[in-house]
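Chemist: One letter stands for each residue in the lines below.
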Amino acid sequence: MATSLDRLPDDAAKAVDDSSTGGPRRNGRRRRIYKHVLLIVFGFAMLYPLLWMLSSSVKPSDVIFREPSLIPSAFDFSNYTEGWNALARPFHHYLFNSLIIVVASVIGNLITCSMAAYAFARLQFRGKKWFFAAMLATIMLPIHVVIVPQYILFNELDWINTYYPLIVPKFLATDAFFIFLMVQFIRGLPRELDDAARIDGCGHFRIYARVIMPLCVPALATTAIFTFIWVWNDFYSQLIFLTDPDLYTVPVALRTFVDSQGESAWGPLFAMSIVALGPIFGFFLAGQRYLVRGIATTGIK
Amino acid sequence: MVHIVGKGAARFGRTATATAAAVFLLAACGSDDGDSGGDEASGDEASGDEASGDVSIRFAWWGNPERDEITNQAIEAFEAEHPNIDVEGDSIDFDGYFDRLATEVAADNAPDVITLGGAFPREYGERGALLDLSEVAEQLPTDDIDEAALSNGFFSDVQYSIPTGVNTFAMVVNPDVFEEAGVPLPDDETWTWDDYVEIAAEISENTPDGTYGAADRTAPDLIDLYSRQHTGDGLYTEDGQIAIAPETAREWWELTTQMMESGATPSATITSELAGQPGPEQTLMGQGLAGMQFDWSNQLPALRSASEADLQLMRAPGESHGVASGMWLQASQSYGIYSGSDHPEEAAQLIDFLVNTEEAASYIQADRGLPANSEVLEAITPELDEDTAAQAEFIAEIEDEVNPDLIIGPEGSTESVGIVQRLNDEVLFERISPEDAGQRLVDELTAAVS
Amino acid sequence: MNGTVEESTAEQEPETSKRSGRKGGNSLTKREGRAAYLFLAPWFIGMAVITIGPILGSLYLSFTDYSLLQPPEWVGLDNFERMLNDDRLHSAIVVTVTYVFVSVPLQLALALALAFFLDRGVRGLPIYRSIYYLPSLLGSSVAIAILWRQIFGTEGLINQLLDVVGIQGEGWVSHPDYALSTLIVLNVWTFGSPMVIFLAGLRQIPTMYYEAAEVDGAGPWTRFFRITIPLLTPIIFFNLVLQLIGAFQTFTQAFIVSGGTGGPADSTLFYTLYVYQRGFGSFEMGYASALAWFLLVVIAAFTAINFLAAKRWVHYGD
Numbered sequence: 001m002a003t004s005l006d007r008l009p010d011d012a013a014k015a016v017d018d019s020s021t022g023g024p025r026r027n028g029r030r031r032r033i034y035k036h037v038l039l040i041v042f043g044f045a046m047l048y049p050l051l052w053m054l055s056s057s058v059k060p061s062d063v064i065f066r067e068p069s070l071i072p073s074a075f076d077f078s079n080y081t082e083g084w085n086a087l088a089r090p091f092h093h094y095l096f097n098s099l100i101i102v103v104a105s106v107i108g109n110l111i112t113c114s115m116a117a118y119a120f121a122r123l124q125f126r127g128k129k130w131f132f133a134a135m136l137a138t139i140m141l142p143i144h145v146v147i148v149p150q151y152i153l154f155n156e157l158d159w160i161n162t163y164y165p166l167i168v169p170k171f172l173a174t175d176a177f178f179i180f181l182m183v184q185f186i187r188g189l190p191r192e193l194d195d196a197a198r199i200d201g202c203g204h205f206r207i208y209a210r211v212i213m214p215l216c217v218p219a220l221a222t223t224a225i226f227t228f229i230w231v232w233n234d235f236y237s238q239l240i241f242l243t244d245p246d247l248y249t250v251p252v253a254l255r256t257f258v259d260s261q262g263e264s265a266w267g268p269l270f271a272m273s274i275v276a277l278g279p280i281f282g283f284f285l286a287g288q289r290y291l292v293r294g295i296a297t298t299g300i301k
Numbered sequence: 001m002v003h004i005v006g007k008g009a010a011r012f013g014r015t016a017t018a019t020a021a022a023v024f025l026l027a028a029c030g031s032d033d034g035d036s037g038g039d040e041a042s043g044d045e046a047s048g049d050e051a052s053g054d055v056s057i058r059f060a061w062w063g064n065p066e067r068d069e070i071t072n073q074a075i076e077a078f079e080a081e082h083p084n085i086d087v088e089g090d091s092i093d094f095d096g097y098f099d100r101l102a103t104e105v106a107a108d109n110a111p112d113v114i115t116l117g118g119a120f121p122r123e124y125g126e127r128g129a130l131l132d133l134s135e136v137a138e139q140l141p142t143d144d145i146d147e148a149a150l151s152n153g154f155f156s157d158v159q160y161s162i163p164t165g166v167n168t169f170a171m172v173v174n175p176d177v178f179e180e181a182g183v184p185l186p187d188d189e190t191w192t193w194d195d196y197v198e199i200a201a202e203i204s205e206n207t208p209d210g211t212y213g214a215a216d217r218t219a220p221d222l223i224d225l226y227s228r229q230h231t232g233d234g235l236y237t238e239d240g241q242i243a244i245a246p247e248t249a250r251e252w253w254e255l256t257t258q259m260m261e262s263g264a265t266p267s268a269t270i271t272s273e274l275a276g277q278p279g280p281e282q283t284l285m286g287q288g289l290a291g292m293q294f295d296w297s298n299q300l301p302a303l304r305s306a307s308e309a310d311l312q313l314m315r316a317p318g319e320s321h322g323v324a325s326g327m328w329l330q331a332s333q334s335y336g337i338y339s340g341s342d343h344p345e346e347a348a349q350l351i352d353f354l355v356n357t358e359e360a361a362s363y364i365q366a367d368r369g370l371p372a373n374s375e376v377l378e379a380i381t382p383e384l385d386e387d388t389a390a391q392a393e394f395i396a397e398i399e400d401e402v403n404p405d406l407i408i409g410p411e412g413s414t415e416s417v418g419i420v421q422r423l424n425d426e427v428l429f430e431r432i433s434p435e436d437a438g439q440r441l442v443d444e445l446t447a448a449v450s
Numbered sequence: 001m002n003g004t005v006e007e008s009t010a011e012q013e014p015e016t017s018k019r020s021g022r023k024g025g026n027s028l029t030k031r032e033g034r035a036a037y038l039f040l041a042p043w044f045i046g047m048a049v050i051t052i053g054p055i056l057g058s059l060y061l062s063f064t065d066y067s068l069l070q071p072p073e074w075v076g077l078d079n080f081e082r083m084l085n086d087d088r089l090h091s092a093i094v095v096t097v098t099y100v101f102v103s104v105p106l107q108l109a110l111a112l113a114l115a116f117f118l119d120r121g122v123r124g125l126p127i128y129r130s131i132y133y134l135p136s137l138l139g140s141s142v143a144i145a146i147l148w149r150q151i152f153g154t155e156g157l158i159n160q161l162l163d164v165v166g167i168q169g170e171g172w173v174s175h176p177d178y179a180l181s182t183l184i185v186l187n188v189w190t191f192g193s194p195m196v197i198f199l200a201g202l203r204q205i206p207t208m209y210y211e212a213a214e215v216d217g218a219g220p221w222t223r224f225f226r227i228t229i230p231l232l233t234p235i236i237f238f239n240l241v242l243q244l245i246g247a248f249q250t251f252t253q254a255f256i257v258s259g260g261t262g263g264p265a266d267s268t269l270f271y272t273l274y275v276y277q278r279g280f281g282s283f284e285m286g287y288a289s290a291l292a293w294f295l296l297v298v299i300a301a302f303t304a305i306n307f308l309a310a311k312r313w314v315h316y317g318d
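Residue numbers (this note's numbering), protein chains in the order written: chain B, 1 to 301; chain H, 1 to 450; chain Z, 1 to 318.
Keep in mind that a hint or two might mislead.
[Unchecked claim] Taking lysine-lysine and the PhoX-like style, the derived pairs with C-alpha atoms no more than 20 Å apart in a straight line are:
id, chain 1, residue 1, chain 2, residue 2
1, Z, Lys30, B, Lys128
2, Z, Lys30, B, Lys35
3, B, Lys129, Z, Lys30
4, Z, Lys311, B, Lys129
These aren't lab readings, by the way, just hints derived from the structure by calculation.
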């Protein structure tokens, strides 16, 4: 494993050479097969836990812990129907709630984080360094000591039991992670592009919207994908700010399957966990092709 | 969805003008009395909910989907009886419940009816978060409620909470495992700790690998029981000090290490692994892999269904040989009213309905322990399923002999669970001696409650 | 060929000054400043209304005795003094520092290697990429705790495999000597996020550099070390900074796998887990806030060092 990883760059470059020179040579083909075998073995190790979860989701609850085998002795899809209807509302209700928050968050982050990133990456202004440092500092405090003050604040605003505490911050560029990410991407773009646009008479807004953003598609895709996944999985703030079961989102709803004081519904939990993975995996699949639409492939040279 | 545009939007204009957040925050944090701040917010809420009732109260609990379902049925029945009261039920899992509750109390936005358990009524009550229930005695009579269970919510001369049901910490045995090992079931009225150790070792020896005589369930409750049998004192004194002597805890850990070494209980890694898995179906008993396991009596149905064995409840060893009885009856859960509630009377009516009426019990049954109200218990007894009936029988049997002085831990004592588990790991992995563990238990508990 | 990269970075500073100087300076700089504040307007509002309040609130609380249930009481520096003699805190620091310095480099190295490997020239790329990313989707699912026991438990997969070769394995998750290692593995296992960022970064490298290099006759190794790595440094730097910040604050995985205890015997008691236990478990939010602010100072110091060091190795295109 280790040795083959060391040789990665070489191999990868060879692969490019092979395909560019055309005709697959015998040696190259064998090497490629090795590579795929390696990738598949490694992929299985990555996937094993998920496969286990998938297999558990079709086992009856009481068998899950007694029968560790990956291949279920009998298929039983009742966990899915049961899990879907076990809670106060059918499960799609929670999927829908999560979707509202997630879609709004993605839009908010894409717009406001990219704007802030453009300012930090390309513009000169007083206090830039300090603001940048302050921005990074906001992600250095553990959430557990700010959640209570946050709750007090949102309670004063009368936002508890609404989606505002989860959505509004995203429209106010509070996710420093993505600002910093886009700053790094924008700084990687050649300055000549802006200068050329400026000479053509473009203002900052046009440079941002017409020049920089189109070249940042991979960074925007990363932001969208990560926002989607992280917000979808964000248990803690959704737990604290939403107490009305009708407003519950997927991670909070999943938690109600477990009861450390009594019997937990493991089968339905695994089944619904699989269901909950669907939208995020789907979004990743749909988004990942934009990850690779960088400057390298857009023809700017 | 509706709520986004509904409740929040109406006030968005007002709040958008909110100036510096810090001002809000510090004002809220600094407000001196927990009772004053929230009136405005919850008052608004009540008037906004006029469609379904004149008064709206919130009721929060933890649990699994089945509990939610039967509780919601009981809530509907209550609302039908009191058309002017609208009850909003919040439920979540145990861990999430307490994080959320503490946050809500901090922001003075807690549910009107709060579910608590173990030492939490005292933890919350003595910090001023719970209403003195004598203020609502008219709406919430407690005459028919079991005295012992009621005392679980009574501290510093104030009744802070009402028990939902009665529970006891006892020995669960699996007759199938005993039979497989060819060991007869002990007589629980006379057996000693030595018997327990011996039987456990014998079972382990005569059953296949992976099946054990007993599970090591070292926890504050168990050490409390052991200590009361041996010295008459549990973990705490009435006035909130530490009562247990280091020697008693040392003896306990000598007993458990001896059992682990003889193979009567599993190895340290397995015990530690099991301690991290909370559900009854994940325990050795739930998996059908242990002959004996200490547990709460209300876990019997869950353990039975998980193990598919006819598990029995028994008295703890040594009950008839010690200085005093170690076992006790405890509220399985209890209901309190938030001290900042705007509608304490309606909240009291809801609790009264839940604990004192047959109608509520017909839905909830013994889900939160056997009803503590004797009349209600009598009324639902014929309806109980076999597993719950077995639990009821056991409690009726021991009711008169258990130790009546239960001392609930003081403020800070909810930390004891973590302390004991950590020390237990240290002892089982031979990082510290039972002697050091005993001393550290006393030291760390003292630090936690002071 | 390597001239292209290095020249442009060397030029960076003079170029910016030249530009503003050339175009007649002050009014332009002012206009640029105004534009910047406009672009940053949402961020400023968010900072003022949502972010700064709770942060200052927690700073205030760090000087108080605050049980959450009762109003806070000012105690001055007591909380910080208490940190000096808190044994569990000290063991939490050891656990966290060990974790940070082992798992961050491992995870980043793996992410970078696979990102490069998966970037070009392998058929079925999107499939591998998706598979490798999948574990990162699980996030804080409660199912993780169960899964992890199925793999590293006494009866878990690892021990079953070891059994085949005749080795009697330990209960890895529940043994104080090994539990932390399994969490490091868990973290490395979710290398998908930095990998995705690396992948996006690789696609940001203009192909013209490679073409120019090829014309100059540079081999694959030269191209990798002279073009790919230097041009990827902003992204490597980003991942390093953020993973470091994240690793210092590791909470969820330890919380879920140990059931919130940090056990066995505090061997997985991460700093933030301890903060959480103090704040919500023992109703000592004042002390928890003090702990958190100490952590902030430490993370900020590491980040500052990172930024200072970055001047020596990070190359920007601007």
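Chemist: When the hints from earlier in the document are held up against this structure, which numbers fail?
Modeler: The structure conflicts with hint 2 only, although it agrees with all the remaining ones.
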